[in-house]
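Chains A and B, in that order, give the protein sequences. Residues in the first sequence are numbered consecutively from 1, following this note's numbering. Residues in the second sequence are numbered consecutively from 1, following this note's numbering.
Read the hints as simulated data drawn from the structure, not as lab findings. Even glycine gets a Cβ: it sits at the ideal position worked out from N, Cα and C.
What follows is a list of derived Cβ distance ranges for each label pair:
no.: 1; chain 1: B; residue 1: Gln302; chain 2: A; residue 2: Asp62; range: 27 to 35 Å
no.: 2; chain 1: A; residue 1: Ala244; chain 2: B; residue 2: Ile311; range: 55 to 63 Å
no.: 3; chain 1: A; residue 1: Ser112; chain 2: B; residue 2: Ala371; range: 29 to 37 Å
no.: 4; chain 1: B; residue 1: Arg383; chain 2: A; residue 2: Gly45; range: 14 to 22 Å
no.: 5; chain 1: B; residue 1: Glu327; chain 2: A; residue 2: Gly45; range: 51 to 59 Å
no.: 6; chain 1: A; residue 1: Glu89; chain 2: B; residue 2: Gly231; range: 20 to 28 Å
no.: 7; chain 1: A; residue 1: Gly45; chain 2: B; residue 2: Thr357; range: 56 to 64 Å
no.: 8; chain 1: A; residue 1: Asp125; chain 2: B; residue 2: Phe335; range: 54 to 62 Å
no.: 9; chain 1: B; residue 1: Ala371; chain 2: A; residue 2: Gly70; range: 35 to 43 Å
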Amino acid sequence: MAAEQAEVVLRLAKAARRYGNKAALDRVDLELTEGAVYALIGRNGAGKSTLAKAAIGALALDEGSVRVLGADPSRDRNVRREIGIAPQEIALYPHLTVSENLDVFAALAGVSRAERPSAVARAMDATVCAERAGERLDHLSSGWRRRANLAAAIVHRPRLLVLDEPTEGLDAETRLVLRSLIDGLRRDRTAVLLISHNAEDVAILADRLGILEAGRLVVEGRPGELMAQAFGDRTELVVRLSAASPSADPILAARGLTPSDRGSCWSGMVVDAVAQAHEIEVALRRVDVELRELTVHTPGLDALIGWATGSVEA
Amino acid sequence: MILVMLRVMALSLWRDRAGLVLVFVLPPLVFIVFASVFSAGATGRLDIRAGVVDLTDSADSRRLLYSLQQRLSGRLTRLPDIAALEDAIASGRADAGLVLRDDLAATPTPATVLIHPGRRAAGEVLTAQVNVAAGQDLPDLMLRREVAVLDPILALTPEQVRRATKSPFGLDSPPPFAAQRILPGGDPLVIYYAGAVSILFLMFTAMQGAMSLIDERRAGLRLRLGLSTGGVAPLLGGRMLWLTALGVIQALVLFQVAAVIYGVPVLTNLPAWSATAVCAAAASAGIALALAAACNTREQAQPVSTFVFLILAAIGGSMAPRFLMPEALQTLGWFTPHTWVIEAYQTVLWRGLVNATVLEAWTVLASFAGAGFLAALWFEGRRRL
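One chain only, chain B, in its complex shape:
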C-alpha cells in the first residue's frame, strides 16, 4: 500500500511539468544568487562602483588610480569635479567617491573618500582598497611619505633623504602583519548557503506535496482511501517516504550545482552528505505532513506553513548567516531544523568530519521527522470526514 501511494505521488509530480521546474530548478537558482552575494564577502571580492576626481593629476596619483582600477575590476569612473562626483554618488551611479586633493607624498591627508550615508559599507571598502593599493603597489610612495614625516623631526640632510627614498627597505620587506588561512579549503559561506537554501526549499516542497492530503479531503478521495484495507498509517507512510525521497533528489540537484560551480566537495563526502540529506528531507516531510493534517483547507495551510517556514528559516539561519545574528537568536536557532541542517552540512562538507555535532544533528532531525509523522497520524486519525 505504501508503494501504491509512492507511485501515485511520483506519477503526479512527473506529469506536472511546472511542478517539476519549481522543485528542481528554482532551488539551485536561488542558491546561486545567495552564494554569489555572500561568497563575495568571504573571498574579499566586493564589487563596488567608485567615482574619482584627481585634482593633482601627478605621476603618483595616476599610478594609484591605475592600481585601484585593477582592484575594482574596472568599476572606477573618473569625473571632472567634486560636484559631479557628489551627484554621481547621490544618484546611485557610484557607491562611494575618492578625491585626490594634494601631493600624495608630501601632504598629511591628500585624499578624501566620500561616503553615502546609506552605503557606508561601500565607503569602508573603498577606503580599504585605497590603503591596500597604496601599500602594495606604491611602496615607494609610502616610503617617501614616511621620510616626509621624519625629515622635520630628524633634520635629515639632502643626501640622507635621497638615500632613504631610494632604499630598497619597504619595497622588499615583509608586511608587518600577515594573514594565514588556518582551516580547510573551500568556501564555507557557499557550503553554508547550499545547506541553508536546501532546507528552506525542502520545507516548501514537502508542504506542497503534503497538501495533497487536503486536496484528497476536498475531492472526496479521502472517503475512498479510507476504505483501503490498511487504514491511515500506510497512506501517510507512503507520503512520508515519497516526500523524503523527493527532498533527497532535490538536495542532490542543488548540491551538484554547488559542486560544479563552486567546487563544494560532495562526492568526497558522499556517505555523510547522503545521511544528512535523508535526515533533512525526512524532518521537512514530517513537519509538512503534520501541518497539512492539522489544517482543514488549503486556505489555512498556505499562510500557516509560509509563516512557520519563514520564521524557522529566519531564526535558523537560512536567510542571513547565523554568525551575524545576536547571541539570543543564535541560541534560538538550535530549536529549528534549519540550524542543525546547516551545521551538519558545514561540518561534513567543509571540515570533512563526522563528529559528535553531526551525529547530534542527525538525531535531532530524525526526531523532527518522527514527531511530525506521529502528529500527522494523530490529526488524520481523529479527523471528521
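Just chain A, with the same shape it has in the complex:
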C-alpha cells in the first residue's frame, strides 16, 4: 500500500518583497508539510521575520504567492484561524492574567464560547503554565511569559505554527517544555516554522533547515546533512592572544585561520583540531607570544550560516 502523502500546509512560491532598494524577500520558494518542523536561520536582517510575516499573510508581497492549506491567508479569513504565531516579543496583554489572555486569543481566532475553557486548559497544559493561570502577565518572570506566549499561539489548535525565536532568553527547563510541545505538535500533524538561533534546538527539532541571506533562501536541507556537507570532519578552532603580535600571524595564517579583533583573535575550520591546537601552542611559545585561550568547537549555526553565505571557506 502506498504511503499516504503529507498535505502541504504552507507554500511560498517566488515570494518577493522590497523595501525601497533593499530586497527583504527575494523570490523565495518554500514548502512545509503537515507534521514537519522547518527551521529558518540567518543573520540579523536576512529576512527571517519578513518571511514569517509573509507566511501568515500579514505582509503584502510584491511578487509571488503565499498559500496556507491552499488559500491566501491575507484574504481568506477562514484560513487565518488555522495559523498560530508566537512572535519574538511577548505578544500578550500585560494587565490580563494568563488564562484571560488565552481566552481573548481563542475568542479572536473564532473558538466558540463553549469550547474556550477546555481550549485554554489544553494550551496551558501543553506549555506547563497552568499553575500561573490566574496571575497577571506583568507579574510573571520572563520564562513564564514565554510559556504563556507559546500557549496563546496554540490555544486554537492551529495547523500552521510560526515560532519566532521561541527559546530566546529561556532557562533550561522552559526549553525542555518547548521541545516537548513541538514534539507533541508534530504528532498532531501541525506544521511548524521555527525561526531560531539556537543550534541545539534546530538540531533536535528541525526536519529541514533553510538559511536566508539578503532575502534569498541560499541553502536548504536536513540539518545533519547540511552540517556534514559544510564541514565534514572539520571542527572550529579559536585562538585568543593576550595581544596581537606580528610573530604570531604567519603561524596562525599557515593553518588557515583568519584574524579578528585587530589580530588578537584567530579562528577557522580545521581537520584534527586537537593536534593542530597543540602545535599552535608550541609554536607560539617559541616566538614568545602569550596565549590567552585556545578552544575547539563543534561548528554551530553561525558557522553554517557563514558557510552558506560564503564568508567562511568550506
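Got chain A sorted already, so can you dock chain B onto it with the hints?
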C-alpha cells in the same frame, strides 16, 4: 470580537490604578480650579488684597473702611504711611492700595487708589468697590458731598444746608441705574468650563487609550491580532466603543462634581446631556484613533497629539472663554470639536434648550467621530507590519 476588545480594554484600565486616578480624578480637579477662577468673575466676587492708609482718621473714613472691609472679605490691611503702602504693593503683599487724604465730604478728590502697572485690574476692582461702598453704605456722605458742591453755586443758607443734609432723599431713593438679570439662573461660566475641561480631558484620555494600538504593534500583538477572523474593523470598532464609553463615564463624573458643588442642572437635562456626552466622547475617540493609527511610535504620537489637542483647546475655547477672543479666533473655533461641545453643553444646561444649535453640534461631533474612525481604518489597513 468587538466585545472581546471592549473587555480587554476595560480590564486593562481597571487594573491600572494610576490610570484610573488620572482618568477620573484629575479632570474634576482641574475643572474645580478653572470654575473657581472664572466663576468668581461672573458672580462679581473678585478677591483682591488691598492696603489702606487713612490720613484723616475721621468718622466718615472709619465707616468707609469698615464697609470696604466687609466687601473685600477682610482682605483690607491698614498700613501706617504711604511709603509702607507702596512697599506692600511693590512686594505683592497687596494688589492695590487706597490713600484717604482729606475730608471725604468736603474735598473734590479726597481718596487716591494706588495701582501696580502689572495688576491694573486689581486697581480697577478696588476703585469700583470704593465707589460702591460709598454709594450704598454711606449715602449721607455722598449727599453732603453734593451739597458741598452746590453750596457755592446756589449760596445756600445754613438752614437750607442743614435741611438738605438731613433730607431722606438719597437715603431711600432708588439708584438711577439698575441691573436686571435677563437669562436663566446658574453660573454660565461654570457650565462653560465644565464643557471646556470635559472635552479637553476627553481628548487626552482617548489618546492614551488609542495609543494601545502603537503598543500592540511594538509588542508583536498586532501580528497575533491580525490573525483574528474579523480583521481590522472589529478591532478598531471595539476600541472606538470603549473609548466612547470611557469618555461618557469621565464626563459623568466631572458633571456630577459640577452638579454637587456648583448646582449645574445635569439631572433635569439628562437626556440632552447624555446625547452631548456621547457625541463629544465619540468625536474624541475618532480623532485619537486616527492620530494613533497615523503615528508609528509613541515618541511620534505623544508630541503630535499634545500639540494638536492644545491648539484645538486654545482655539476652541477650553482654556480661555471664547467671548474674550478676537472675532477671527472665535470664527476659527467652529472648526474644532471643543467649540461645538461647549456650545452644546451651554445651550442644554444653562438655557435648558435642545434647539437647532444643539442638533447641529451633535451632527458635527458625530461627523468628527465618523471621519476619525474611517481615517484610523485607512491608516491601519495600509500599515506594514
